[in-house]
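Note that the protein sequences, when read in sequence, are chains A and B.
Residue 107 in this note's numbering sits at position 107 of the first sequence, and the numbers go up by one each step.
Residue 32 in this note's numbering sits at position 32 of the second sequence, and the numbers go up by one each step.
By construction, these hints were calculated from the structure, which means they are not laboratory data.
C-beta atoms are modelled at their ideal positions from N, C-alpha and C, and glycine is treated no differently.
A portion of the hints provided could be inaccurate.
Derived DMTMM-like pairs (lysine to aspartate or glutamate); straight-line CA-CA distance at most 20 angstroms [unchecked claim]:
1. B/Lys50 to B/Glu28
2. A/Lys370 to A/Glu334
3. B/Lys129 to B/Glu163
4. B/Lys50 to B/Asp69
5. A/Lys395 to B/Asp134
6. A/Lys395 to B/Asp177
7. B/Lys129 to B/Glu114
8. A/Lys63 to A/Glu237
9. A/Lys338 to A/Glu280
10. B/Lys100 to B/Glu163
11. B/Lys25 to B/Asp177
12. B/Lys212 to B/Glu245
13. B/Lys212 to B/Glu28
14. B/Lys50 to A/Asp381
15. A/Lys395 to B/Glu74
16. B/Lys136 to B/Glu194
17. A/Lys415 to A/Glu237
18. B/Lys100 to B/Asp134
19. B/Lys100 to A/Asp282
20. B/Lys50 to A/Glu382
21. A/Lys415 to A/Glu208
22. B/Lys14 to B/Asp221
23. B/Lys108 to A/Glu209
24. B/Lys129 to B/Glu150
25. B/Lys50 to A/Asp394
26. B/Lys78 to A/Asp394
27. A/Lys323 to A/Asp89
28. A/Lys338 to A/Asp282
29. A/Lys64 to A/Glu193
30. B/Lys25 to B/Glu5
31. B/Lys182 to B/Glu150
32. A/Lys395 to B/Glu71
33. A/Lys413 to B/Glu144
34. B/Lys136 to A/Glu412
35. B/Lys136 to A/Glu409
36. B/Lys110 to A/Asp394
Here are some chain B residues the structure puts well away from chain A; computed CB gaps all over 12 angstroms [what the hints assert, rightly or not]:
37. Ile90
38. Asp126
39. Gly145
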Amino acid sequence: MSADQIISQYPAEYAKFADALPGQSVAWLRLLRQDAAQQFSAHGFPSLREEAWRYTNVSAIEKKLFSPATSTEIGAIDIDSLNQHLLADAWSVVLVDGHFSASLSMLDGVPDSVTVMNMANALEQKAELLESYFSQAVAAKEHGFVAFNTAWFSDGLFLHVPAKQVLTRPIQILHVVTQAGFMANTRDIIVLEESAEAKVLETFVGCEEAYCSAAVMEVSLAQNADLTLYKLQMEGEKAYHFGGTYVKQARDSRFTHHNFAFGGLLARNDIHTDLNQAAECDLNGLYLGVKRQHIDNHTRINHLQPHAISHELYKGVLNQRAKGVFQGRVLVAEQAQKTDSMMNNRNLLLSDDAEVDTKPQLEIYADDVKCAHGVTVGQLDEQSIFYLQSRCVDKQTARNMLTFAFANEMVEKIKLADLHDQVLEQLLIRFPQVGIQHNWL
Amino acid sequence: MLSIENLHVNVGDKPILKGLNLQIKAGEVHAIMGPNGAGKSTLSHVLSGKSGYTVTAGNVTYQGENLLDLEPDERARKGVFLAFQYPVEIPGVSNIYLMKAALNAIRKHKGLPEVDAMDFLTLVKDKVKLLEMDEKFLYRSVNEGFSGGEKKRNEILQAAILEPSLCILDETDSGLDIDALKVVAAGVNSLRAEDRSFLMITHYQRLLDYIKPDIVHVLADGKIVKSGGPELALELEAKGYRWVEEQVA
Ligand SMILES: Nc1ncnc2c1ncn2[C@@H]1O[C@H](COP(=O)(O)OP(=O)(O)OP(=O)(O)O)[C@@H](O)[C@H]1O
Ligand SMILES: [Mg+2]
Chain A
1 MSADQIISQY
11 PAEYAKFADA
21 LPGQSVAWLR
31 LLRQDAAQQF
41 SAHGFPSLRE
51 EAWRYTNVSA
61 IEKKLFSPAT
71 STEIGAIDID
81 SLNQHLLADA
91 WSVVLVDGHF
101 SASLSMLDGV
111 PDSVTVMNMA
121 NALEQKAELL
131 ESYFSQAVAA
141 KEHGFVAFNT
151 AWFSDGLFLH
161 VPAKQVLTRP
171 IQILHVVTQA
181 GFMANTRDII
191 VLEESAEAKV
201 LETFVGCEEA
211 YCSAAVMEVS
221 LAQNADLTLY
231 KLQMEGEKAY
241 HFGGTYVKQA
251 RDSRFTHHNF
261 AFGGLLARND
271 IHTDLNQAAE
281 CDLNGLYLGV
291 KRQHIDNHTR
301 INHLQPHAIS
311 HELYKGVLNQ
321 RAKGVFQGRV
331 LVAEQAQKTD
341 SMMNNRNLLL
351 SDDAEVDTKP
361 QLEIYADDVK
371 CAHGVTVGQL
381 DEQSIFYLQS
391 RCVDKQTARN
401 MLTFAFANEM
411 VEKIKLADLH
421 DQVLEQLLIR
431 FPQVGIQHNW
441 L
Chain B
1 MLSIENLHVN
11 VGDKPILKGL
21 NLQIKAGEVH
31 AIMGPNGAGK
41 STLSHVLSGK
51 SGYTVTAGNV
61 TYQGENLLDL
71 EPDERARKGV
81 FLAFQYPVEI
91 PGVSNIYLMK
101 AALNAIRKHK
111 GLPEVDAMDF
121 LTLVKDKVKL
131 LEMDEKFLYR
141 SVNEGFSGGE
151 KKRNEILQAA
161 ILEPSLCILD
171 ETDSGLDIDA
181 LKVVAAGVNS
191 LRAEDRSFLM
201 ITHYQRLLDY
211 IKPDIVHVLA
221 DGKIVKSGGP
231 ELALELEAKG
241 YRWVEEQVA
């Protein structure tokens with residue numbers, strides 16, 4: 001046995017529940033699951049030796065052995081507190097401990113031509129359609145979380161929007177984990193056919209005890225399709241979160257992502273997109289860390305064809321002993337001439353013990369491109385604090401105002417009014433907001 | 001209103017103000033002129049409480065209180081206002097938010113309730129008109145992307161709303177064309193009152209054509225080296241600072 005080999009306790013534990021997994025009668029999925037389980041058994045969860053994971057140690061997940069919830073165990077959820085996370089005017093799919101809850105979800109009035117259903121159901125009704133999208137944007141060999149997810153996901157969302165259809169309402173996936181020691185493993189597939197448009201929100205919440213929430217999403221955008229994806233991660237304080245969003249963008253398609261990482265003890269986001277000709281992606285992120293939170297964002301943008309545009313801005317605010325990680329990779333293939341790419345990562349450290357590792361990486365193989373990147377790590381600007389003080393604002397409020405202003409730039413980009421207010425409220429709750437007058441904003 | 005006695009200030013080990021004396025009575029307008037690097041902005045910063053300066057000797061009394069003991073924001077709430085030579089840009093904080101925060105902080109200090117939202121809007125729009133600004137500036141981030149002249153107007157707009165007792169203008173006229181200068185001067189003149197004093201730092205006699213000072217001082221090498229009436233400014237303009245420095249030496 002080589003030193004690299006890992007003996008994970010997970011495969012044996014999860015094998016017990018294999019019969020209850022959705023899609024066991026679907027041959028192609030059974031094969032995918034088998035391969036992925038083998039992959040995971042061989043390599044386990046990602047280790048610090050992997051370049052993409054060198055700043056984030058997930059060994060605690062291996063030690064804790066989080067178990068899957070079977071749908072029959074779903075119990076105590078406070079419906080009222082759930083409702084406050086639901087957007088007023090959205091169609092919603094609610095996943096409780098990784099299982100679809102029809103009674104909590106709202107799908108009335110979805111046009112017949114559009115498919116919005118939970119993954120378990122979709123694997124019964126639409127297995128053939130799903131086959132061409134499953135494990136296409138990301139493969140099990142990507143890393144341990146994707147392998148694990150492929151092998152043992154319990155449910156998720158399938159959204160299919162036909163050509164030229166524009167969804168009139170946003171679709172919200174609400175992930176809730178209700179019990180200590182649970183692991184929710186969900187898989188989402190989003191397909192927008194030619195010139196289709198949709199807005200999707202993923203919300204993650206959970207109980208105050210330790211649990212794990214892992215969601216892998218594959219997105220396929222056909223020619224000229226347009227997806228705006230919001231992610232609002234508000235996991236409980238002791239939670240482990242992994243979220244992977246893997247996008248394939250056909251010619252002229254547009255992908256806008258707003259990634260708000262607020263919760264969890266340890267949270268990791270992977271956002272990868274492949275850009276074909278003249279496709280455009282706009283990646284926005286805001287991570288707020290307090291106490292001992294560790295928040296890692298890993299983005300990869302592949303410019304595969306000419307004329308594609310990528311804009312990326314990630315901002316982090318880290319207080320107390322929190323740690324942030326930003327790894328942003330941009331790859332420009334040899335034939336991807338006229339690429340226009342801009343990547344920025346700005347960090348505000350509010351305490352001496354807060355920390356950030358930021359690593360932008362540009363790999364450019366084409367010669368006629370416009371690529372820029374910038375990174376800042378800093379404290380609040382003393383000149384600005386003095387200016388505000390000279391305008392009667394006390395020092396602490398001045399600091400709070402500047403911190404708020406720094407983060408609020410990302411909140412202001414949200415185009416859904418209801419969501420904007422939700423995120424603004426989270427920002428005000430989570431960060432030193434004393435002296436900030438909500439009603440003056 | 002303000003009494004400065006024998007003020008010595010260092011930046012690090014370097015003495016900048018070297019025994020400065022200045023008395024300003026309520027209602028008076030004082031102008032300070034002087035060569036670059038004389039210590040004019042240093043004086044304005046020390047009066048408003050900016051960190052990074054060490055007072056090694058001397059006293060500053062403002063309305064009977066030791067000004068140097070107060071935090072910058074306390075001074076501001078008690079009526080000391082500095083219009084900056086180089087106003088700072090604050091992305092993400094709207095102009096109107098800051099003015100409301102400032103005005104309410106002053107009102108709280110005076111034991112008054114928060115300003116009524118409608119009254120505030122009326123007040124602000126009134127002053128915006130006085131300074132011939134576009135209302136759009138209210139909703140933009142403080143000074144962000146403003147031109148030099150717009151920043152200076154914005155400083156005076158804030159003064160007009162906060163109604164300070166001691167208004168320190170650090171080169172508010174620099175970089176303004178004549179039309180903008182007239183507007184800014186009108187804004188300042190509208191603020192003149194028996195219980196309000198002004199300390200105007202300037203390089204240009206032109207400003208004093210529009211805002212009549214009671215007393216003109218020359219600050220050179222960290223001290224007030226000469227004081228006189230408005231005619232001193234004209235004389236300075238004709239003969240240059242060398243003339244004063246030679247006289248003193
Ligand atoms: N933070 C600092 N560190 C070092 N030296 C400083 C600092 N601030 C001011 N000084 C020095 O103090 C002196 C006075 O500067 P100050 O800005 O007060 O001059 P000023 O009279 O306002 O000049 P100007 O007319 O150019 O505005 C200058 O020699 C300047 O270089
Ligand atoms: Mg100066």
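Cross-check of the supplied hints:
1. Only pairs whose Cα atoms come within 20 angstroms are accepted, and B/Lys50 paired with B/Glu28 is rejected, the gap being roughly 24 angstroms.
2. Our distance criterion of 20 angstroms between C-alpha atoms is met by A/Lys370 and A/Glu334, whose separation comes to about 14 angstroms.
3. Restraint check for B/Lys129 and B/Glu163: the C-alpha separation of about 16 angstroms stays at or below 20 angstroms, so the hint holds.
4. Distance check on the hinted pair: B/Lys50 and B/Asp69 sit about 12 angstroms apart at the alpha-carbon level, within 20 angstroms; holds.
5. Simply put, A/Lys395 and B/Asp134 have alpha-carbon atoms about 30 angstroms apart, too far for the 20 angstroms limit, and the pair is violated.
6. A threshold of 20 angstroms between alpha carbons decides the hint, and for A/Lys395 with B/Asp177 the separation of about 35 angstroms lies outside it, so the pair is violated.
7. For the suggested pair B/Lys129 and B/Glu114, the alpha carbons sit about 24 angstroms apart, so the restraint of at most 20 angstroms is broken.
8. With a CA separation close to 18 angstroms, the supplied pair A/Lys63 and A/Glu237 stays within the 20 angstroms bound.
9. Simply put, A/Lys338 and A/Glu280 have alpha-carbon atoms about 13 angstroms apart, close enough for the 20 angstroms limit, and the pair holds.
10. For the hint pairing B/Lys100 with B/Glu163, the CA-to-CA distance comes to about 13 angstroms; that is within 20 angstroms, so the pair holds.
11. Distance check on the hinted pair: B/Lys25 and B/Asp177 sit about 31 angstroms apart at the alpha-carbon level, beyond 20 angstroms; violated.
12. Only pairs whose Cα atoms come within 20 angstroms are accepted, and B/Lys212 paired with B/Glu245 is rejected, the gap being roughly 25 angstroms.
13. About 10 angstroms separates the Cα atoms of B/Lys212 and B/Glu28, which keeps this hinted pair within 20 angstroms; it holds.
14. The straight-line distance between the Cα atoms of B/Lys50 and A/Asp381 is roughly 13 angstroms, inside the 20 angstroms bound, and the hint therefore holds.
15. Between A/Lys395 and B/Glu74 the CA atoms are separated by roughly 10 angstroms; this keeps the pair inside 20 angstroms, and the hint holds.
16. Between B/Lys136 and B/Glu194, the direct Cα distance comes to roughly 33 angstroms. Violation of the 20 angstroms bound is thereby established for this hinted pair.
17. With a CA separation close to 28 angstroms, the supplied pair A/Lys415 and A/Glu237 exceeds the 20 angstroms bound.
18. The straight-line distance between the Cα atoms of B/Lys100 and B/Asp134 is roughly 18 angstroms, inside the 20 angstroms bound, and the hint therefore holds.
19. Straight-line distance between C-alpha atoms of B/Lys100 and A/Asp282 comes to about 35 angstroms, which puts the hinted pair past the 20 angstroms bound.
20. Among the hinted pairs, B/Lys50 with A/Glu382 is consistent with the structure: their alpha-carbon atoms are about 10 angstroms apart, no more than 20 angstroms.
21. Distance check on the hinted pair: A/Lys415 and A/Glu208 sit about 30 angstroms apart at the alpha-carbon level, beyond 20 angstroms; violated.
22. A hinted pair counts as satisfied when its Cα atoms are at most 20 angstroms apart, and B/Lys14 with B/Asp221 qualifies at roughly 12 angstroms.
23. The hinted pair formed by B/Lys108 and A/Glu209 fails the criterion: a straight-line CA distance of about 43 angstroms is larger than 20 angstroms.
24. A threshold of 20 angstroms between alpha carbons decides the hint, and for B/Lys129 with B/Glu150 the separation of about 14 angstroms falls inside it, so the pair holds.
25. Restraint check: the Cα-Cα separation between B/Lys50 and A/Asp394 comes to about 13 angstroms, which is no more than 20 angstroms; the hinted pair holds.
26. For the hint linking B/Lys78 to A/Asp394, the alpha-carbon distance of about 13 angstroms falls within 20 angstroms, and the restraint holds.
27. With a CA separation close to 36 angstroms, the supplied pair A/Lys323 and A/Asp89 exceeds the 20 angstroms bound.
28. A C-alpha spacing of about 17 angstroms is found between A/Lys338 and A/Asp282, which places the hinted pair at or below 20 angstroms, so the restraint holds.
29. For a cut-off of 20 angstroms, the pair hint linking A/Lys64 to A/Glu193 is broken: about 41 angstroms separates their Cα positions.
30. Restraint check for B/Lys25 and B/Glu5: satisfied, since their Cα atoms lie roughly 14 angstroms apart, inside the 20 angstroms limit.
31. For the suggested pair B/Lys182 and B/Glu150, the alpha carbons sit about 14 angstroms apart, so the restraint of at most 20 angstroms is met.
32. A threshold of 20 angstroms between alpha carbons decides the hint, and for A/Lys395 with B/Glu71 the separation of about 9 angstroms falls inside it, so the pair holds.
33. Taking the CA atoms of A/Lys413 and B/Glu144, the gap is about 18 angstroms. The hint holds against a cut of 20 angstroms.
34. Only pairs whose Cα atoms come within 20 angstroms are accepted, and B/Lys136 paired with A/Glu412 is accepted, the gap being roughly 18 angstroms.
35. Restraint check for B/Lys136 and A/Glu409: satisfied, since their Cα atoms lie roughly 19 angstroms apart, inside the 20 angstroms limit.
36. Distance check on the hinted pair: B/Lys110 and A/Asp394 sit about 16 angstroms apart at the alpha-carbon level, within 20 angstroms; holds.
37. For B/Ile90, the non-interface assignment is contradicted: its Cβ lies about 5 angstroms from the closest Cβ of chain A, within the 12 angstroms cut-off.
38. The claim that B/Asp126 is not at the interface with chain A holds, since no C-beta of that chain comes within 12 angstroms of its own (minimum 19 angstroms).
39. Consistency note on B/Gly145: stated as away from chain A, and its beta-carbon is indeed over 12 angstroms from all of that chain's, at 14 angstroms minimum.
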